[in-house]
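Using the hints, put the two chains back together into the complex; each one sits in its own frame.
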Amino acid sequence: MLLADIGYGALWLTLAAALWAVVAAAAGGRQRRSDLLASAHNALFATAGLSTLAAVLLLVLLFDHEFQVRYVYEHVSTYLKPVYVLSALWAGLEGSQLLWLWMLSIFTALVVWRKPTWDRELRPYAVAFLALTQAFFAFLLVQLTNPFELLPTAPVEGVSLNPLLQNFWMIIHPPIIFAAYALWTIPAAYALAALVTGRLNAGWLFGTRRWTLAAWIALGLGILVGAWWAYLELGWGGYWGWDPVENSSLIPWLVGTAFVHSAIIQERRDMFRAWNVLLAVITFVLTIFATFVTRSGLIQSVHAFAESPIGWWYLGYMLLVLAVTIGLALARKNELQGEGQVGDLLSREFIFLLTNLLLLGSAAAVLLGTLWPTLTGAARGLATSLNPENYNRFMGPLGLLLVVLIGICPLIEWRRISAERLLRGLWVQTVVAVVTAVLLLVLGIHEIWAVVSFAVSAFVITTIILQLAKGITARMRSAGENILTATVTAVRNNRRRYGGQIIHLGVVLIVIGITGSQAYQTEVQVALAQGESVDVNGYTLVYKDYTFQSVEDEGNKIRNQAVIDIYRGGRKVATVRPERNLHSNVQGAVTEVALRMNLKEDLYIILASLEADGLAAFQVLINPMVVWLWIGGLVMFIGTLIAAWPPRKSRAEEGR
Amino acid sequence: MAIVIFFVLALAVVAAIAYPLLPGRMPTGIAPPSDDEIAQAVAELRRQRKQGGLRCPTCGASYQPGDRFCVRCGGELPAAPEEAAALLCPRCGTPYHEGDRFCVQCGYALAKEVA
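These protein sequence lines map, in sequence, to chains A and B. Okay, so the first sequence: first residue is -19 according to our numbering, each after it adds one. Okay, so the second sequence: first residue is 3 according to our numbering, each after it adds one.
For reference, chain B alone in the conformation it holds in the complex (with noise of 0.2 Å):
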């Protein structure tokens, strides 16, 4: 009786132990990333926002603010969300930001349309 009673205890023991060893249960060999290779990443992203630098969706190749297609896939880019809601210079048609006194370009008194 109690070997029997042993042999199913083993038994379940074994089993907890193999499930996940099964082929196809888990990702063997495939490691989720360590903690270094996170902080590398994230020290790749960090240094792209820093360069101002924006990415083809397709390729992936780095494009500038108001490029329309990619150099290297021909992809269609993005329009940057600012551009859509620009505000312009009325003067001389130079976009520019809230909150601007003067325009970049030809010194109009921006404040004043502000206000």
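Excised from the complex, chain A in its bound form (with noise of 0.2 Å):
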């Protein structure tokens, strides 16, 4: 097999070119030979290229079913939409490893590219980390799990794509989050190359702080890719269930927003610098963890396919960069003190360190109860694992607090403010939550936590219409500009102020989607035949038709089909066909729901029997409000864009 000999060959080279970049970047630092440095960012500029071969190499064969491959046999099929090819590249173990070194070498390749500047002195140092973890996933690659073994002989047809992953999503889920995964491994290299060179103050935050926000972001985005997947493809109604694997990459995210605003106050006010060095390399060894969790079987899941032993590399890695983080902190320690103070309770500072606790204490909270059935499980031999109630029972009161302080924020001030002064600030907002939650009560919802949750997002979403109000109407007078211009000049010169303030009511819009869909879903379960309808929440459903029918070129599946109209007030408003398969690669029936979304709420039908005579049963499901999960991601999204757009300055001298 040519092509998979040559691609082995190019992981190989891959993982020798990584291992002399470690070696000539820490050498070149330390002796200040820039002979050194250009032959590691030339190495780093080769791993990229063979990543590159690899992962093409890779993506030809699953292409051409050469499924003497083992990877492409148990992948891919020659009855497999080609689309879904794409998602085979990352289904497996070897293919997400290599997506994961794929990535993190072209990103290497993208920071060595860019001429030094801030990060002369920190660079070294940060590429030889960037270029050490290239070398830790090809060592897994070429060691432990080569994406290119061959079987003795070829098999004729291929086991094809579990068809859970057979969905649009899951093609653009797995590349945002890896990509994530890579990108908060640049942060951690900086944070890193500080503690080397002793250089600990706020450079190397405002130095990586393009990538830091593009690897939160990415982060976020994926997560709820993945849960909107969830949502649709996994057809129990609900988008989170606590799942290992989903809370393996919520945990990172927890911790990298933790990092993401201490690093604005070590900015501000020099404090947190230990702190900060910390945030960025646990958040970094928590995507090497999630990876691992996903990957090596330690917790049992829906996602967790594989088990192997390559768990132990992945753990040792991961014991190793924090070891050497802590050592280097330790000789570090004074210059990791930082000038600034928290002097106050009612200073901004002091707010930013009660966000920082609450976010890292939901973080450890989620850890331990994902690690739960495994300690549990190894101390007496039988694991119990947590139930989604367990999950929310903390979450929800730790969350609603979060947001309560995004709302409290803007208003405080650094170093302090009076108590009097706050409460000026406070009132209009809190007369908003107030009414909201008085008229919700009159408007008959009862369930005190949601009353409580959608007061709080009013009262957010009041301070941060305020805020931009304030801004506006600040430079209508001044400038004499009108509504438009005055919010775009507003906004433009402030940009990290308001992408802020934006994602925070993006954060608020998701937070109002959980509350809505969580306290009032409705749940009908139903067992119709052939012409009869059901009523559910003002939706008639008129259960029409069904079919079995035998799908050969489409995943080789048979399908069951229902075929139901909508009524809404009379009118019809809809034909739905939720499915539930057979496929011939997996056990078990795999669902198709049948969604209906606007704005208030989500309609959500599953087919959960379909007898031969056409008798059906039905789940039916109105989720309230989950749209706004989504709006909020997008609109977060929009907010980092302004928070991280060059400013028009300095756009010529790159990077400060």
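Calculated from the structure, these hints are not laboratory results. The beta carbon of each residue, even a glycine, is placed where N, CA and C say it ideally should be. Worth double-checking, as some hints may not be accurate.
Sample of chain B residues with no beta-carbon within 10 Å of chain A, all distances over it, derived [what the hints assert, rightly or not]:
id	residue
1	Y21
2	S36
3	T96
4	P97
5	R103
6	C105
Quick list of simulated restraints, FRET-style, between CB atoms [claimed, not checked]:
id	chain 1	residue 1	chain 2	residue 2	range
7	A	L39	B	L47	56 to 64 Å
8	B	L47	A	A399	20 to 28 Å
9	B	D102	A	A459	57 to 65 Å
10	B	H99	A	N181	40 to 48 Å
11	B	P25	A	M(-19)	39 to 47 Å
Written out as structure tokens, the structure is:
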């Protein structure tokens, strides 16, 4: 197999070049030798090229159905739709690691490509760490999980892709998540470089800010896309089940969010130097942990498909990075002392600190919950996993507290603010929150925590609108601009501030979506014969027809489909076709839900069973306000773009 | 076949890595100044400017405004630019700056001249 051999060779060369880059970059930094640094940089351009070659070759093999390659045999088939061949590239352990390596090598090449400016002193060590992480993945690929491994003979047909993964969102979810993981390596690399060189002022934070924001939003959006996929494809009516794989990507996001916030305090007040270095590194370690959880089979779950000894290597690399970081931090104890101190309880610093503690607290809680089955299993020989209720019980209140802080924070000044001044700034939104709560109670909503959550959301949205209005009216008055120009110039003059506010608005929209869908889900289970109908919350569902159909060319499946007409107020609004399909390559049925969404609620129909005589069981769910999760995600993305967009002035002097 | 391609690839990688290390390609050992050294140099320049020190362009020895030859090397010193276009008090000949209202030497009311 020519292509497979070349691919495997390219991975070996990647490993060799990456290892050389580690040595050359570290030695070049230490001895201040620009020739060694240039050599390390070239080696990293080479790894970017080689890992691209390996990924492209694997893709070609997948498209060509070269079943003698084990990975190809296990993940595609001749009847798999070509578009899903793309997701086969990262559907398995080998492919995922190749994707990790590929993304990381591309980002590393981008780092190296730019002329050193602020990072002249830090770059050699940062690059050494990026190269080391590349070498780690290249090593796993060549030694333990070779994606180009050959079978003794070529089977005539492949196993094909898990039908659950045959979904558009599963094509884009993994690349976003792995891009995010790879991006988080960059702030961690510079944090370590700052420790090595002792340059622990806010320089490395300023310099990596855009990388960090890109990593942060990519991880957030990746999680949301994953939730959207689960909602569409797993067919149990929810978007988040506190599954270990979901948790494992949420944990680095929580710690990364803490990092993004405490970085701001170091920039403004020179506090939390040690804290920031640690948070950047821990976020990176947690992304490795996430890859490890998904791929090692340490914690069994829907997604954790592979069990392999590779877990120990992951654990080893995580511990190595942590140990080096802690060792260096102890050696740099003096340089880690910043100037600033938290002076007053009523100061922005203190709110940021509180935010940090809450985020880290929730990350630790989710981590503990995720590891619980493993820990208790090891201790008592009996695994008990936590159910979602356990998580909701602590994450709900913690989340709400965080949201309250979002609402208060913009009103509190750095250093200190007097209580009277704060209260004067708070009364409008407090009134709005109370009115919201009373209105909801009058309207007959009695779940107390839902009322609290909506009231808090109203509080925060009011704060954000007031803040924005203040900025805009100030401009309209001082510069005599109309409302549109004033909005644009106000935002443009302070992208970071308003970008942040818009991100927070997105967060609140997500909170509203979660609250609505958690508190008021309506669920009806019904068995219908053809022609019968059922009423659910103002919708009338008429079970019109059903089909059984064998589909050979499209995933080799038997499609069992029901046809339902949806009526609303006596008018037909849609015809939907929920499915419950049998695939040749998996046991059990795979549901394809029927979904109608609007801003108020989603109508979600699961075909639970379909008998030969057409008797069908349906599970009908009304999930209120789910769509606000996705809208909130979009708003967060826009806010991040605004916050990260380079200001016009400094675009010339790049990266300050 | 695969072996050949592998060796071509390997050769390309080695070439890319080794090229900057070839003798004469890069100023080995002569590192660009570190940030600390630059910071020190800037501090030194700042200190000199604060002292108002002028330096001989030939040997670097300091001199006072108005000196025409260097005390150390005898080199000719540049004439201060303001001297050329100097404003002189019409009564006593002392230089003054634009905007001064009275002469620092004789107290002559310069404001009239400017007006």
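Next item on the list: Kindly indicate which numbered hints from before are broken by the structure, ordering the numbers from low to high.
Entry: 1, 2, 8, 9
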